[in-house]
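Visitor: Okay, here's what each chain looks like letter by letter:
There are 2 protein chains.
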Amino acid sequence: MKKYFLPVAFFAFVSVSLRAQTPTKKFEPVSFSQVTITDNFWKPKLDKVATTTLQACIYQTEGKTARIRNFEKVARKQNEKHEGIYYDDSDVYKALEAIAYSLKNHPDAALEKKADEWIDKIAAAQLPDGYLNTYYTLTDLSKRWTDMEKHEDYNAGHLLEAAVAYYNTTGKRKLLDVAIRFADHIDNTFRLQNRHWVSGHQEIELALMKLYHATHNDRYLKLADWYLEQRGHGYGKGVIWDQWKDPKYCQDDVPVKEQKEITGHAVRAMYLYTGAADVAAATKDAGYLQAMNNVWEDVIFRNMYITGGIGSSGKNEGFSKDFDLPNEEAYCETCASVGMVFWNQRMNLLTGDAKYVDVLERSLYNGALDGLSLSGDRFFYGNPLASSGQHARSEWFGTACCPSNISRLVASLGDYIYGQSAKGLWVNLFVGSHTTIKVGKSTIPVKMETNYPWNGNVKVILNPTKPVKYAVNLRIPGWVKGTPAPGNLYSFTSHAASAFKVSVNGKPATYREENGYAVLDRNWRQGDVVELNLPMEIKRVTAKTDLTYTNDRVALQRGPLVYCVEGADNNGQAWNIILPENTALEAKQYTVLNEPVMAIQAKAPVIITSADGTGVQTQQKEVIAIPYYTWANRGKNPMQVWLPTKVKEVKINSGN
Amino acid sequence: MKKYFLPVAFFAFVSVSLRAQTPTKKFEPVSFSQVTITDNFWKPKLDKVATTTLQACIYQTEGKTARIRNFEKVARKQNEKHEGIYYDDSDVYKALEAIAYSLKNHPDAALEKKADEWIDKIAAAQLPDGYLNTYYTLTDLSKRWTDMEKHEDYNAGHLLEAAVAYYNTTGKRKLLDVAIRFADHIDNTFRLQNRHWVSGHQEIELALMKLYHATHNDRYLKLADWYLEQRGHGYGKGVIWDQWKDPKYCQDDVPVKEQKEITGHAVRAMYLYTGAADVAAATKDAGYLQAMNNVWEDVIFRNMYITGGIGSSGKNEGFSKDFDLPNEEAYCETCASVGMVFWNQRMNLLTGDAKYVDVLERSLYNGALDGLSLSGDRFFYGNPLASSGQHARSEWFGTACCPSNISRLVASLGDYIYGQSAKGLWVNLFVGSHTTIKVGKSTIPVKMETNYPWNGNVKVILNPTKPVKYAVNLRIPGWVKGTPAPGNLYSFTSHAASAFKVSVNGKPATYREENGYAVLDRNWRQGDVVELNLPMEIKRVTAKTDLTYTNDRVALQRGPLVYCVEGADNNGQAWNIILPENTALEAKQYTVLNEPVMAIQAKAPVIITSADGTGVQTQQKEVIAIPYYTWANRGKNPMQVWLPTKVKEVKINSGN
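Chains Z and V supply the protein sequences, listed in that same order.
Residue 627 in UniProt numbering sits at position 627 of the first sequence, with consecutive numbering throughout.
Residue 463 in UniProt numbering sits at position 463 of the second sequence, with consecutive numbering throughout.
Looking at chain Z on its own, in the form it has when it is part of the complex (with noise of 0.2 Å):
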């Protein structure tokens, strides 16, 4: 046994600011601490979130199944055994995370003390050594280390986000404390002895860089980098490598820098990409970035799903070949998506390029968002794109990452909305909200007002105490646009586009087009209204033919949204309908449960079967079609996101 180096002073980074700069981002996001959401859309769910989803979480993490138990029996020392299974640890964290963000726009008393007593109950878990994992703890601590799938340094990084998210919103650092303390653990133990390890579920190194930014530390900052160029050369060992022989699964093939393909576990390879792009941003290293442009361009071009879904296959939760994307049979991970949302907004970091945000919002509106069902209790491991009817929510799941990750996802809205640097003012996302960014010496106060997704109308109310310069970047959604970007696998054939506008105080405004953003350069004034004016046209999308399984047929996209038909609002079938090129398309105002939406209306021919069942005929009905993230809220329906164009040939359904 390897003996710990404990440094004196892991306690002296306490004062220096939680939001750090690092040079080559071309801006900074604005923190979710920073910003009240006040959106018709977001701030119900975030409300949901706060009064129903983390209440679930809750019950499920302490009532229902072990995981706080296991802390527990840590603490106690009486060699309880422990229950569940070796990642559980990082369900707790994650609800925990969800918490912290989730008291910022929604205060919470009751919600704030259920964290501060499961955070005593962690801090009391940790070992003198600063190493915490209920786990090895309660079977056998001389195993740990041993094996790298399991999960100990993933559950650490969890820990990690949880103690930033939760010193950000509320200023108390035990669990902070906490963190630092396993962190130097992880370092004393592996990078500092030169040992070699790679994780076998990447998140540490994003969840480091998050810790590096609150402390301006470094040692976190290289050991993140560490982690990173331990990949790909042949250093692993456990369950994976020696008996999955499969070190493609955790991207650990080729190192990070020479990695051109996505491959493998979904979620592994987001959260890798994640912290590869937080580390080149604050190292500069290039090398990282030219890879990720390779890999996006893989993930995007030919593996990504129309609701900015990935992983389709079940069976690696993961990645199968291109053009591999089968709707009903298709994985879509919930986590996936949210890990598109991060890695996607740490691009658009780097790179100021607004194409990485149009993946996100396409991730966060559709395939991240379906995994949380209306009433907010219910959820989705896997989003399929089409239904038998076979599909339901369920209330929790043994591998019970994608509640928790949901949860702080849509908690944490507020670090996807807005970016500032010196220059200026970056809109990302359209959500109606207010923060205060910082442009050179200037303080500004903005308020977003806008009725998005339903309505394409959004004004953005800047508040300097005196004029002063700057650039408002506004970003265009790809969507806008009729052409698609070049080598994107979904494209749009819309009726007659008609433009954005943008004005100033009601007037038509210049602007210059950058990076997908419409840059507004001038002296604001308070009380500056700048408008964008994005059109809400109904979109049908194809795909490239390579994409067999949308062969002949189109999809629905309106706004940010991707819409799918559902029994529930067709007489209960969704496989029997046509929608050929021609075919009227009509918004309509309309309510999914109590969600009030625009869904999309059309008259289109329908199979019909004869009441005795011996024939079928096409008649022309009126066909309803929702927002995929709203589906499956009631009751078990068949469902479709792709609709076939014509009728190549039929299958018959009978009783089942």
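The hints are simulated quantities; they were obtained by calculation from the structure and are not laboratory data.
If you're wondering where the values come from, they're calculated on a predicted model, not measured in any experiment.
Be aware that one or more of the hints could be misleading.
[Unchecked claim] Taking lysine to aspartate or glutamate pairs in the EDC-like style, the calculated list, with each CA pair at most 16 Å apart, reads: (1) Lys648/V x Asp612/Z; (2) Lys237/Z x Asp140/V; (3) Lys315/V x Glu329/Z; (4) Lys646/Z x Asp612/V; (5) Lys64/Z x Glu83/Z; (6) Lys315/V x Glu317/Z; (7) Lys143/Z x Asp242/V; (8) Lys245/V x Glu83/Z; (9) Lys315/Z x Glu317/V; (10) Lys447/V x Asp528/V; (11) Lys648/Z x Asp612/V; (12) Lys81/Z x Asp242/V.
[Stated by the list, open to error] If you want the footprint, here are the derived chain V segments under chain Z, 3+ residues with CB under 8 Å: (13) 370-376; (14) 601-610.
For every residue, glycine included, the Cβ atom is placed at its ideal position computed from N, Cα and C.
Given the structure of chain Z, go ahead and fit chain V onto it with the hints provided.
Guide: For chain V alone, coordinates are given in the frame of chain Z:
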């Protein structure tokens, strides 16, 4: 490390008869080594196995993969690396076993030479203490016998089976001696040391019983019994228990004698119960039989496909919940159907009840035979009952259990045709063949002539040198009867079932029905001809409504064969056909690839698409159904076993 007790006299059991009789069996099977197959249906398949399938196995085992090389590496002792997976040794043994059977009906000097060459390499890889396993010997011998999932005794079991089979055909005992040494090593290491061990993949139990019957050394019976007794007491250690926490997976959650339900991995279950039946027959232990009656009914009444396939779920390669038998997603591993043949044979011997042979025949002619292409060199691992055209047979598999398993089953067909006891002859399968049975002191040549399964006429010609009184037991297949047995999942709604006929020397014979057999108890003379005439009507099969996947659907069966509709015979489609109640069905001479078969022909409503894809209508069309085992031999094609009797709704297929 334990010391191994090596018995001095392990060569002592050589001269004893290899076909042992155990008292509680109702009769003994006639061994393949005593049966010459001349059958129109089966002989070409046995020849194809010899000339093509086994060549593919050899090519894959020694040419394309490292399976034989691993044995060579052990013998060379040069610290070379193991290649492949820890259970790969078993594929060598299973191919050898298949060769052994094949040499009986299709002698082939080159094949026998290859087998001898492999046996030399295997023998050279055995350690002085009897241990034989290339994985542990080439990786870390100190880890042997630590993870009960690592298939050490599974591999051993297949070695034993191969050794006994090869000895039975050739009389050569080199491999048998290797097997005896390994079996003794295991017995010394565990049973004689009172050291607990749960086999993570059952197989060795039934193999030890073969070794016991071959050697008459009852330590192997004791060891087999001991292996059974180890289960269900929490002794499991290794990945199944410690990591997956799923002892049910290998039927280790409950002691074998207390098991009531079928659970877990299907092949493991079949091998377990086969071994348990073998042990029960030898020890007269009623506990096993009682348990197996319950489990068998759970399989047949609630968990078996109409093809005799079992294990619907790919997730655990096994059973999920009662009546969960999806058609297109059916896993139905070929090996599991092979296991059904094994287990049901043992149950038939133990009880004398023909109902087990009904199941055996169903699995053999459908679920198992489907695993082998008509060309003999392509394989199915899973055998779905419906396909949208995505399924294709493979040349080989990473986990390559199925090809050699179906090879050894077909090649050993002789084991399943006849039974004998002091009282008479049993005819279980209808296969053109000849053998010689022993009835009391008499030796009676027996010959069977038939065109089964295409035709229901079966002639059995008896040639005792002098008249002798005994019983001829002719199995009357369950499918002859119009009404299903109580509890059965499937039932026939046949057009006017006609009765079977039994005659002797051309005249109607008197017989009694007993245990599903027509028993003719009389004085037999040389040249007596017993004729059984089975009505070969086409049966419409329906399933209990609990099996929701087949509600309002019908399957077709003729004789033992289940039929399917494949696109290749029906304008490329198989999901657009309706088969209403009153559809006239006719048998028709037909050819699938080069296989002459009886197809089923009908005129039925078919949903036709207009050329421009805008609409559909129903038309009466000619429909062809082919035997299920012949599908997927003419490229990728949609297929269905269960056809709708009426349309509830349709699904539109578009481009893909």
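Visitor: Next step is simple, just say for each hint if it's right about the structure.
Guide: Evaluation of the provided hints:
1. The suggested pairing of Lys648/V with Asp612/Z holds, with an alpha-carbon distance near 9 Å, which does not exceed 16 Å.
2. With a C-alpha separation of about 15 Å, the suggested pair Lys237/Z and Asp140/V falls inside the 16 Å cut-off, and the hint holds.
3. Distance restraint check for Lys315/V and Glu329/Z: the Cα-Cα separation of roughly 14 Å lies within the 16 Å cut-off, and the hinted pair is therefore satisfied.
4. Of the pairs offered as hints, the one joining Lys646/Z and Asp612/V holds, with about 8 Å between alpha carbons and a cut-off of 16 Å not exceeded.
5. Taking the CA atoms of Lys64/Z and Glu83/Z, the gap is about 12 Å. The hint holds against a cut of 16 Å.
6. Restraint check for Lys315/V and Glu317/Z: the C-alpha separation of about 13 Å stays at or below 16 Å, so the hint holds.
7. For the hint pairing Lys143/Z with Asp242/V, the CA-to-CA distance comes to about 13 Å; that is within 16 Å, so the pair holds.
8. Only pairs whose Cα atoms come within 16 Å are accepted, and Lys245/V paired with Glu83/Z is accepted, the gap being roughly 11 Å.
9. With a C-alpha separation of about 13 Å, the suggested pair Lys315/Z and Glu317/V falls inside the 16 Å cut-off, and the hint holds.
10. About 11 Å separates the Cα atoms of Lys447/V and Asp528/V, which keeps this hinted pair within 16 Å; it holds.
11. For a cut-off of 16 Å, the pair hint linking Lys648/Z to Asp612/V stands: about 9 Å separates their Cα positions.
12. Distance hint between Lys81/Z and Asp242/V is fulfilled; the C-alpha atoms sit about 13 Å from each other, no more than 16 Å.
13. Check result for the region 370-376 of chain V against chain Z: violated, 0 residues qualifying (beta carbon to beta carbon below 8 Å, three or more required).
14. Against chain Z, the region 601-610 of chain V contributes 4 residues with a C-beta closer than 8 Å to a partner C-beta. That satisfies the three-residue criterion, and the hint holds.
The earlier numbered hint that this structure contradicts is number 13, and it is the only one.
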